[in-house]
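Novice: Sequence:
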Amino acid sequence: MVKLPRCWSCDYSFLWKELLVTGFRIKCPNCEKEQFVTAKARKRSGVFGPLVVVLMFVLMNGFSLNVWQSLLAGVVLLAVILSFSPFAYDFTDKDEPLF
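Just so it is clear: in the sequence shown, position 86 is 86 by our numbering, and no numbers are missing.
No lab work stands behind these hints, which were simulated from the structure alone. Ideal Cβ positions, reconstructed from N, Cα and C, are used throughout, including at glycine. Mixed in with the good hints there might be a few duds.
[Said to hold, decoys possible] No more than 30 Å apart at the CA atoms, straight line, and that leaves these computed lysine-lysine pairs for DSS-like:
id: 1; residue 1: LYS17; residue 2: LYS40
id: 2; residue 1: LYS43; residue 2: LYS27
id: 3; residue 1: LYS94; residue 2: LYS27
id: 4; residue 1: LYS17; residue 2: LYS94
[Unchecked claim] Taking CB as the label site, the calculated pair distances span:
id: 5; residue 1: PRO50; residue 2: GLU18; range: 18 to 28 Å
id: 6; residue 1: VAL47; residue 2: ASP11; range: 20 to 30 Å
id: 7; residue 1: GLY46; residue 2: LYS3; range: 19 to 29 Å
id: 8; residue 1: ASN30; residue 2: ASN61; range: 47 to 57 Å
id: 9; residue 1: VAL53; residue 2: PRO29; range: 29 to 39 Å
id: 10; residue 1: LEU71; residue 2: ARG42; range: 32 to 42 Å
id: 11; residue 1: TRP68; residue 2: ASP11; range: 44 to 54 Å
id: 12; residue 1: CYS31; residue 2: ASN61; range: 46 to 56 Å
id: 13; residue 1: VAL67; residue 2: PRO29; range: 38 to 48 Å
id: 14; residue 1: LEU71; residue 2: LYS3; range: 43 to 53 Å
id: 15; residue 1: PHE63; residue 2: ASP93; range: 39 to 49 Å
id: 16; residue 1: ASP11; residue 2: LYS40; range: 47 to 57 Å
Input sequences plus hints: build the corresponding full structure.
Specialist: Below, the structure written as structure tokens:
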């Protein structure tokens, strides 16, 4: 079962809607401590953007979709990926460098 991330300090389980619009840092609503997305989770989420572009080209060429149909499919794919992105987050107490 896929679970949403928890606060590193108080073990608060974040809600999906709290994480949907966040950047790479958020405050815990329970203990007010700042949460930073781990470098590993940022790298993992950085794969989704290029994946949407590649899938759009595959759909456009593989299924003979025109540009507008491909863009619509890309928007739908992006919405699906963004809705699942909170499940890919992990939090830490420090802002880790990406590389």
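Novice: If a hint holds in the structure, say so; if it doesn't, say that too.
Specialist: Here is what the structure says about each hint:
{"no.": "1", "hint": "LYS17 with LYS40", "verdict": "22 Å, holds"}
{"no.": "2", "hint": "LYS43 with LYS27", "verdict": "21 Å, holds"}
{"no.": "3", "hint": "LYS94 with LYS27", "verdict": "13 Å, holds"}
{"no.": "4", "hint": "LYS17 with LYS94", "verdict": "23 Å, holds"}
{"no.": "5", "hint": "PRO50 with GLU18: 18 to 28 Å", "verdict": "27 Å, holds"}
{"no.": "6", "hint": "VAL47 with ASP11: 20 to 30 Å", "verdict": "28 Å, holds"}
{"no.": "7", "hint": "GLY46 with LYS3: 19 to 29 Å", "verdict": "21 Å, holds"}
{"no.": "8", "hint": "ASN30 with ASN61: 47 to 57 Å", "verdict": "48 Å, holds"}
{"no.": "9", "hint": "VAL53 with PRO29: 29 to 39 Å", "verdict": "35 Å, holds"}
{"no.": "10", "hint": "LEU71 with ARG42: 32 to 42 Å", "verdict": "27 Å, violated"}
{"no.": "11", "hint": "TRP68 with ASP11: 44 to 54 Å", "verdict": "47 Å, holds"}
{"no.": "12", "hint": "CYS31 with ASN61: 46 to 56 Å", "verdict": "50 Å, holds"}
{"no.": "13", "hint": "VAL67 with PRO29: 38 to 48 Å", "verdict": "43 Å, holds"}
{"no.": "14", "hint": "LEU71 with LYS3: 43 to 53 Å", "verdict": "33 Å, violated"}
{"no.": "15", "hint": "PHE63 with ASP93: 39 to 49 Å", "verdict": "46 Å, holds"}
{"no.": "16", "hint": "ASP11 with LYS40: 47 to 57 Å", "verdict": "20 Å, violated"}
Comparing the model with each numbered hint stated earlier shows that hints 10, 14, 16 do not hold.
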